[in-house]
Amino acid sequence: MKYQKTCVLLLRASSKRALARQEAYCRILATQKNLEIRAVFRERKGEFFKKREGLKYMRAYVTYNPDVAYVIAYKQDSIARNNSEFFLIKHLLRNCLVEFLFVMRTPQPNF
Numbered sequence: 091m092k093y094q095k096t097c098v099l100l101l102r103a104s105s106k107r108a109l110a111r112q113e114a115y116c117r118i119l120a121t122q123k124n125l126e127i128r129a130v131f132r133e134r135k136g137e138f139f140k141k142r143e144g145l146k147y148m149r150a151y152v153t154y155n156p157d158v159a160y161v162i163a164y165k166q167d168s169i170a171r172n173n174s175e176f177f178l179i180k181h182l183l184r185n186c187l188v189e190f191l192f193v194m195r196t197p198q199p200n201f
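Counting with the numbering used here, you get residues 91 to 201 for the letters of the sequence shown.
Hints are computed from structural coordinates only; laboratory data are not their basis. Misleading hints may appear alongside valid ones.
Derived DSSO-like pairs: lysine-lysine, alpha-carbon spacing no greater than 30 angstroms straight-line [what the hints assert, rightly or not]: (1) K106 / K146; (2) K165 / K95; (3) K180 / K141; (4) K180 / K146.
Beta-carbon label-pair distances, calculated as ranges [stated by the list, open to error]: (5) E175 / Q94: 18 to 26 angstroms; (6) L187 / A108: 14 to 22 angstroms; (7) R107 / Y147: 17 to 25 angstroms; (8) S174 / K146: 15 to 23 angstroms; (9) H181 / K141: 27 to 35 angstroms; (10) S105 / Y147: 19 to 27 angstroms.
Beta carbons: idealized from backbone N, C-alpha and C, even for Gly.
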């Protein structure tokens with residue numbers, strides 16, 4: 091049997107339709123990367139950082155399931171509203187050794 095790495099999906103959108111679309115794209119990415127999806131965490135946009143239940147459950151899940159290698163999200167702002175919040179989340183997950191994968195990449199400025 092071929093070893094397969096595992097992932098979780100973290101979805102965050104303002105409507106059920108948008109959540110479904112994000113989930114479909116994230117599942118495609120997981121398939122392309124040959125990743126087994128262990129769990130899907132959904133939340134509505136607009137929730138304050140401390141009240142984000144999907145993020146709390148995802149963090150607990152990857153903490154207690156060390157075989158999870160990736161967190162897949164549609165794009166970085168699905169995880170955090172700004173870079174500071176994103177790096178705080180990465181810091182909170184530092185001991186879990188997970189990597190983030192995004193369906194949509196944020197364009198990098200050309201300097």
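Status of the hints after comparison with the structure:
Between the alpha carbons of K106 and K146 the distance comes to roughly 20 angstroms, so the proposed pair stays at or under 30 angstroms and holds. Restraint check for K165 and K95: the C-alpha separation of about 21 angstroms stays at or below 30 angstroms, so the hint holds. As the CA atoms of K180 and K141 are separated by approximately 17 angstroms, the hinted pair is consistent with the 30 angstroms bound. Annotation: proposed proximity of K180 to K146 holds, straight-line Cα distance about 13 angstroms (limit 30 angstroms).
At about 31 angstroms, the CB distance of E175 to Q94 disagrees with the hint of 18 to 26 angstroms. Checked against the given bound of 14 to 22 angstroms, the beta carbons of L187 and A108, roughly 30 angstroms apart, lie outside it. Separated by about 22 angstroms at the C-beta atoms, R107 and Y147 satisfy the suggested range of 17 to 25 angstroms. The hinted range of 15 to 23 angstroms is satisfied by S174 and K146, whose Cβ atoms lie roughly 19 angstroms apart.
Checked against the hint of 27 to 35 angstroms, the C-beta distance between H181 and K141 comes to roughly 19 angstroms, which is inconsistent with it. Restraint check, S105 to Y147: a C-beta distance of roughly 20 angstroms satisfies the suggested window 19 to 27 angstroms.
Consistency note: the structure conflicts with the earlier hints numbered 5, 6, 9.
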